[in-house]
Structure formats: structure tokens, C-alpha cells
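**Q** The primary structure of each chain is shown beneath.
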Amino acid sequence: MNNMNVPLITLRSISKEFPGVCALSDVSLDLYSGEIHCIVGENGAGKSTLMKILSGAYSPTSGQIVLNNEIYDELDPETAQNLGIQIVYQENDLVHSMNAVENIFIGREKTKKLGFVDKKSMYSEAKKIMQEFDIEIDLSVKIENMSVSDQQFVKILKALVNNSRLLILDEPTSMFNIEDSTKVLELVKKIANQGISVVYISHFLQEVLDIADRITVLRDGVVVKTYEEVKNITMGDLTLHMVGRPIDKFYQRDKIKISEEKRLEVCDLKLNKNSPEVNFFVKKGEIVGIYGLVGSGRTEIVRTISGADRFYSGTIKVDGVSVNINSPKDGIAVGIAHITEDRQQLGLNLCHSVLENLLIVKLQQMRKSLLYDYKKQGSRVQSIIDKLKIRTPNLLQKVIYLSGGNQQKVVLGKWLITDAQIYIFDEPTRGIDINAKYEFYEYMTELVKQGKSVIMISSDMPEIISMSDRVLVVRDGSIKDEFTQDEINEQNIVCSALGVAI
Amino acid sequence: MRKAKAILNDQRILLAIVILLMVIIVGTISPKFVQLSNIMAIFQQVSVLGVLTMCMSLLIISGGIDLSLGNMMALSAVVVASLLMQGKSLLLAVTAGVLTSTVCGLFNGLIITTFQTIPLIITLGTGQIFNGISLLIAGGSFLQFENKLNFLREIKLFNYIPLMVAIMLLCVGFMGVLVNKTKFGRRVVAIGGNEKNAYLSGINVKLYKIIAYTLSGAMVSIAGLILASRLNSITANAGSGYELDAMVACVMGGVTLDGGRGTIIGAFLGCLLTGVISNALDILGVHAYVKIIITGAIIVTAVVLSNISSLKRE
Numbered sequence: 022m023n024n025m026n027v028p029l030i031t032l033r034s035i036s037k038e039f040p041g042v043c044a045l046s047d048v049s050l051d052l053y054s055g056e057i058h059c060i061v062g063e064n065g066a067g068k069s070t071l072m073k074i075l076s077g078a079y080s081p082t083s084g085q086i087v088l089n090n091e092i093y094d095e096l097d098p099e100t101a102q103n104l105g106i107q108i109v110y111q112e113n114d115l116v117h118s119m120n121a122v123e124n125i126f127i128g129r130e131k132t133k134k135l136g137f138v139d140k141k142s143m144y145s146e147a148k149k150i151m152q153e154f155d156i157e158i159d160l161s162v163k164i165e166n167m168s169v170s171d172q173q174f175v176k177i178l179k180a181l182v183n184n185s186r187l188l189i190l191d192e193p194t195s196m197f198n199i200e201d202s203t204k205v206l207e208l209v210k211k212i213a214n215q216g217i218s219v220v221y222i223s224h225f226l227q228e229v230l231d232i233a234d235r236i237t238v239l240r241d242g243v244v245v246k247t248y249e250e251v252k253n254i255t256m257g258d259l260t261l262h263m264v265g266r267p268i269d270k271f272y273q274r275d276k277i278k279i280s281e282e283k284r285l286e287v288c289d290l291k292l293n294k295n296s297p298e299v300n301f302f303v304k305k306g307e308i309v310g311i312y313g314l315v316g317s318g319r320t321e322i323v324r325t326i327s328g329a330d331r332f333y334s335g336t337i338k339v340d341g342v343s344v345n346i347n348s349p350k351d352g353i354a355v356g357i358a359h360i361t362e363d364r365q366q367l368g369l370n371l372c373h374s375v376l377e378n379l380l381i382v383k384l385q386q387m388r389k390s391l392l393y394d395y396k397k398q399g400s401r402v403q404s405i406i407d408k409l410k411i412r413t414p415n416l417l418q419k420v421i422y423l424s425g426g427n428q429q430k431v432v433l434g435k436w437l438i439t440d441a442q443i444y445i446f447d448e449p450t451r452g453i454d455i456n457a458k459y460e461f462y463e464y465m466t467e468l469v470k471q472g473k474s475v476i477m478i479s480s481d482m483p484e485i486i487s488m489s490d491r492v493l494v495v496r497d498g499s500i501k502d503e504f505t506q507d508e509i510n511e512q513n514i515v516c517s518a519l520g521v522a523i
Numbered sequence: 397m398r399k400a401k402a403i404l405n406d407q408r409i410l411l412a413i414v415i416l417l418m419v420i421i422v423g424t425i426s427p428k429f430v431q432l433s434n435i436m437a438i439f440q441q442v443s444v445l446g447v448l449t450m451c452m453s454l455l456i457i458s459g460g461i462d463l464s465l466g467n468m469m470a471l472s473a474v475v476v477a478s479l480l481m482q483g484k485s486l487l488l489a490v491t492a493g494v495l496t497s498t499v500c501g502l503f504n505g506l507i508i509t510t511f512q513t514i515p516l517i518i519t520l521g522t523g524q525i526f527n528g529i530s531l532l533i534a535g536g537s538f539l540q541f542e543n544k545l546n547f548l549r550e551i552k553l554f555n556y557i558p559l560m561v562a563i564m565l566l567c568v569g570f571m572g573v574l575v576n577k578t579k580f581g582r583r584v585v586a587i588g589g590n591e592k593n594a595y596l597s598g599i600n601v602k603l604y605k606i607i608a609y610t611l612s613g614a615m616v617s618i619a620g621l622i623l624a625s626r627l628n629s630i631t632a633n634a635g636s637g638y639e640l641d642a643m644v645a646c647v648m649g650g651v652t653l654d655g656g657r658g659t660i661i662g663a664f665l666g667c668l669l670t671g672v673i674s675n676a677l678d679i680l681g682v683h684a685y686v687k688i689i690i691t692g693a694i695i696v697t698a699v700v701l702s703n704i705s706s707l708k709r710e
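Listed in order, the protein sequences are those of chains A and B. Following our numbering from start to finish, the first sequence increments by one per residue and tops out at 523. Following our numbering from start to finish, the second sequence increments by one per residue and tops out at 710.
So here's chain A without its partners, still in its complex pose:
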């Protein structure tokens, strides 16, 4: 590490608020040239938000970014890039129909006279950087014909040709096998050795301990600790700091007696030919929480149960009888309600009325008649609206005008009307305010009191812990651990999700 005295970039008291949520509060961070600074934290701890502020994709609610003795209240993508801040996003941001070298130089093409692209000099410059950092890929291959790991190298190359001074890598190895990950890690070390500052976000704690010069732990949008030295840290230390929330973060739920009858059984479920088998069950009156990191395969599992996706093999039993679920229609017929992850895309018709949205599932079950007048169905939904306290001026209000919490209530409402027996909630309270959250917890408790069953996927650790009777942890597409009663605590769940020995 050189230039240890003067930070390249300083973040001063950065806060970022989204409607109803505080994603970051008072985060301060120094980044030095030539260091690898790792940032760890659970889902939703604020890592990506922080990076997006640094790269100019978001502007902070308050706080400052200091670079080159200049103080910025916010950055935009262009300014950030001109200042040498390059970010390699997790999601794919390449043009698939173009080859590697063209992707590397998009927006910075080298040209000869008359605007003709100078492929030769782009190749030679890319080759030069590849040699410098010992990267080996075939530059003439189209992105769509490349392996995922080669695509990752293209993205990193794209960042490097633009004279980067700070390189942000967001989960660069999340889709790789060990061999490819090692290559990426070697590359990251070389980049830092060239004096470039690297910010590295990863869920793989071993990886982090291997390459980090310093580590910052985020939790619920706050810096918990920055380790100036990584020599004597263990993965246990890191997870301890990632968890450990104060008691008032947890909701106190009425526990009720769970029946011994199994309502839903999932046996040897394989999503595709090579995926691991999944086995679990849910009893009557039970809330089963499913926790896993983003990309662990939790959503995929429940999507097959409700019929949204097909599966390769296995059986699903409802009340002891094995059922065939090949489409959402089949799932609804056996009483499965799926409150999907993304309410705006998957859960609602945003430009339709509250009434229509509430009745869309029920409609299939009602007596068939040729003509149908929505406006006469008000009485059917009024009780649900009252019960869920959906705040809407009238039944014909378009749901796009409702707040996030009320929209989510409409999604729940449309399933309550169908009188389903099994409720699958995927991230039920994401992006809604604390009061609406607590209301949701009450509805869920109410459902299990009636003897119904609930499966709840959540990245919100306090939510998982306070609501679940049992917690299943998903990693790499299979259920790795099951925790009940006293075992349900942050340390156990996080360690299991990260694959760290407890």
C-alpha cells in the first residue's frame, strides 16, 4: 500500500433515504490508492446503495464526497467516470450482440479519419492492458458466446481502459466456480498493486479475508466497524458484527399452538436436472421463514410450488394428497396463494382499479356467466378493504396512485378473497413503512390463528426472526439448515446463509 496518508476519496456522513426507508445513515469512509477495501453486510445492509452513490447513480440525501480536495454534494455517472471512478455492476451490463473489444470501448471508440472505427488500435490497447494485468480472453468473440467468467473480465477491462483510479466491484465472483474466482481475485490484487483503489463487495467471507487490506462492516445502513488490519480476524468476528441488532428492532408476535398436521409437503423437488433436491413441509398454523442471500435460489423454489415455474421432478402434497401443479391455475385450485416479490411487476395491474385487482383471482372461481359488471361487485371486496385498512378514496381508484404499503395490501387482499389455505409471501414488506409492516405482521399472525399456513421469504433479518416458527436457510439452491425456537437467532442464520462454520 502506498500513499497511506492522504485518502483518495473520503465519504463524509453520507445518508440516503428512500420513501419510508433509511438505506444509509451517517456513513463515513476513507478510500486509499492501492488498497483493497472490502465491504460486507447482509442483504439490504446498504452496500449497493453506497456504491451507487459513489458511482453517481444515486445522489445522497445528505453528506459529501471529497476527491482531489474538491467537495461534491453528489456525483452523476459522467462526472464520476471522468474522475476515474469505475463500477462493475453485478447485473449484466454488456451489449450481447457485439464482441468483447467493441464492448470495452463503447462510448470511447477510437477512430481514424471520417469517423471510421479504428479496430486495430482498440485491439492493441486492449491487448496491452490484458498483458499488463495478465488477463486472457479472446477479444473477437461476441459476448453472447462467452462464458460468464470471461464476460466478467470484459467488464473489468472496460473499467480499466478508462484510466480508473477507483474500481468498484459488486459481487464479481458470485456466479463463478472456485477456479474462476481465484483468477478474478488474482486480477483484483494486480489492479491494486498498480495503485488503483479497489472497493470489493462480496458475500464470500473467505474471499474477503484473503484479499482485503481493510474491511468495513455495514448493518442496516450504518458502519458497524472498519477493520484497519485483517491479519487476526476470523469469519466468526465478521459475522458477529454483521448481526447483533438491539432488541427493539424485533417485533413481538403472538405465538400460537401449531397443529401436528402437515398442510404442505415438498418431497425431492428438483428444479432442473442438475439441481439439488429440496425437501420441506409446513404444518397447519405455522409460519416457516425462508432466508438466503440474493441469488441463493429461494424465490425459484417457491415459484415452482405455486406453479409459476415448472419443475423437473419431485412431488408436492397438500393435506397429504399429492397434487399436480403445472401452472399458477393449478396452484390456486389447491389453495396456494403466492404474494410475489415484485408487486408492481408481478402482483398488480397498476393502471387498473383497486376493485379489479382485488377480484382478478376470485373471478376465475365465480359462477361462469357471459357478462360481468365489475362495478356491481363492490360488496364482495368491502369487507377485505375494511379488514386490511386499505386506504383508497374509492373502489375504482387506480392502484398506481396508492402508497407502496396499500398496494401490497391489495396484493394480499386479492388472495384473502379466494380463501386460500397456504400463503407464500416473497419479501412481503420490502419498501413499505414501519407501520404498514406491523400491520402485515398482524395479518400473518391472524392467518395462522385461523389454521392456515404461511411460507415467508425475507431478506429482512428481524422480520425472519420475529415472525417465523421455523427458519429454513437456503444456499446454492438447497435447504442447508433448519432452525427452531431458541436456535432462531441472527448468528445462526447468517453463518448458515454464508456457509461459515458456527
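Heads up, some of the hints might be wrong.
[To be verified] Straight-line alpha carbon distances no greater than 27 Å define the calculated DSSO-like cross-link-like pairs of lysine-lysine that follow:
#: 1; chain 1: B; residue 1: K687; chain 2: A; residue 2: K133
#: 2; chain 1: B; residue 1: K602; chain 2: A; residue 2: K140
#: 3; chain 1: A; residue 1: K163; chain 2: A; residue 2: K131
Everything labelled a hint here was simulated from the structure, so no lab data went into it.
Based on the hints, put chain B in the right spot on chain A.
**A** Quick look at chain B alone, frame taken from chain A:
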């Protein structure tokens, strides 16, 4: 084996094989089909569509589309014709025609980028506007301009190639070089392939889109001139339907509607295929109504076939 597969996956080669097969089969049945004069006639028949396909492919590759091209072409030709009829010089008339469609293209580009609207619907609307203006000028009648555009047909390069065919081939070459070899073209491909990424890479996405629409507009006037020359007259409605044919030619040629993919040569071969089919069916003496059915069926087959390769890609 793998190489053979890669070749078959290339839309251009697939189309070239189909065209070649048709030429061989139809040529065996009716030798007249492969005579040089008939081949030139095919090229002449597709010259209007060929130029329009170039405009359309640039826009589709950029992630957009322009369904007003047909009416835009007619408007440009109507302007040229009415000026010629008033006894104005050819140079003035052509300049006015080029300006007209260029402004039309710019108009489309500005509306689409400024209001972030869906090009498909917007250009349907602007196409109506262009059509209405043509009707106002032409008044619903045939505009005859005393053979003043005949030179496009009659001048023959090397005694064989009509000027209009040469111009069309020039347009194809120009567009091919523009899209493949220039910074502008590659950026347009990048925008069509992944607009968000192009924006984050510092490309002025809006500006490039506006330029693409304007450029396509300018080129449309060339198609208008060729059309007027071929018909030796023009009506306000002469261009309707051409935009859909151009779209079909693009898709057959592997220029997919989601943008960023496909080649200019492919689009041109797609256009040539429609000409070959139409001419072959005529020569074989297929009944006009049956011809329409067969043409439709071949288009459907070609598009389904090209989609199979993209299904595999996923």
C-alpha cells in the same frame, strides 16, 4: 461440424442458400428466369424496397422503428413531382424532396426522444400526418411529370445496370459501411443492444437516435425518386404498405425487432428474397391470388426459421 452449424446459424448465408436454391429450381423449370435481363428486372423491382429496407434496418438496429417510411416516401415524391409539374428545375425539385423527408425524419426522431414515446405508435401517427399532407398537395390525383425522371431507368451503367439499381446498391454499401465501420454505426448498434449500458458508457443516446431518424429520412427521398421514376407518375397513397414490406425484409434478414442485432447485408438479402419469390411466381404463371398466399407463407416460414436460432440462443 461446429463450424457448419455456425454457418447455418448465420442468417446471411441461410438466406443466400435459399435464394440460390430458388434460382436453381425455378431456373431449371423456366430458363427465362435466369436470363441476365430478368435478373436485372428483379433488382429493378426491389430497388424501392431495397432503399427503404436500409432506412428501416438502421432504425431497427438502433432499437427503434419507423412505420411512417411509406407515407414519408410518397410525400417526398409528391413534392418532387408537383415542383416538376410547375416547370421547376430537376435540381430544385430533388433538393426540395430530400429536405422534405429529412425534416420528416427529424420530426419523428425529436418526438420519440423528447417525449420518450414508443416509436411504433408515434410513427403510425406521423405517417398519417405525412399522408394527409401528400393528399393536400396532390389532391388525390395522379401527378404526371412528363418523363422527367425516366433517366433513372434509362441510363444503364455498363449497358446493363439501370441507374436506379446502381443507386440502391450504393445505398446498401453506404449503410453497410456506416453500421459496421464507423463510430456512429457502432454506437447505434450499442444503443439498440443495451440502451442503459450505452447511456452509462457516456453515449448521448438521444442525439444518436435523432441522427438515425433524420438520416433515414434523408435516404427515404431516394426511394421516393426511384418509385416516381418507376411509376412515371405519383399519387399520395403510392407509398402505403412499403414500410411493412421493409420491416419483413429486415426480420427475414436477421435484424430482430428488439434491436442491436442483425446485418445490413442480411436485410438486403431479405429484400432480394421477396423480389425473387415474386418474380419466380410470375414466371411460373402462378395465379395472382395464389401468389399472395404463397408469398405470405414463405415470409412466415422464413421468420419462424430465423426465430428458431434465437430460441436456441436463450
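**Q** State for each hint whether it applies.
**A** Results of checking the hints against the structure:
1. With a CA separation close to 49 Å, the supplied pair K687 (chain B) and K133 (chain A) exceeds the 27 Å bound.
2. Among the hinted pairs, K602 (chain B) with K140 (chain A) is consistent with the structure: their alpha-carbon atoms are about 25 Å apart, no more than 27 Å.
3. Under the criterion of a C-alpha separation no larger than 27 Å, the hint pairing K163 (chain A) with K131 (chain A) is consistent with the structure, at around 19 Å.
Violated hint: 1 only; the structure is consistent with all others.
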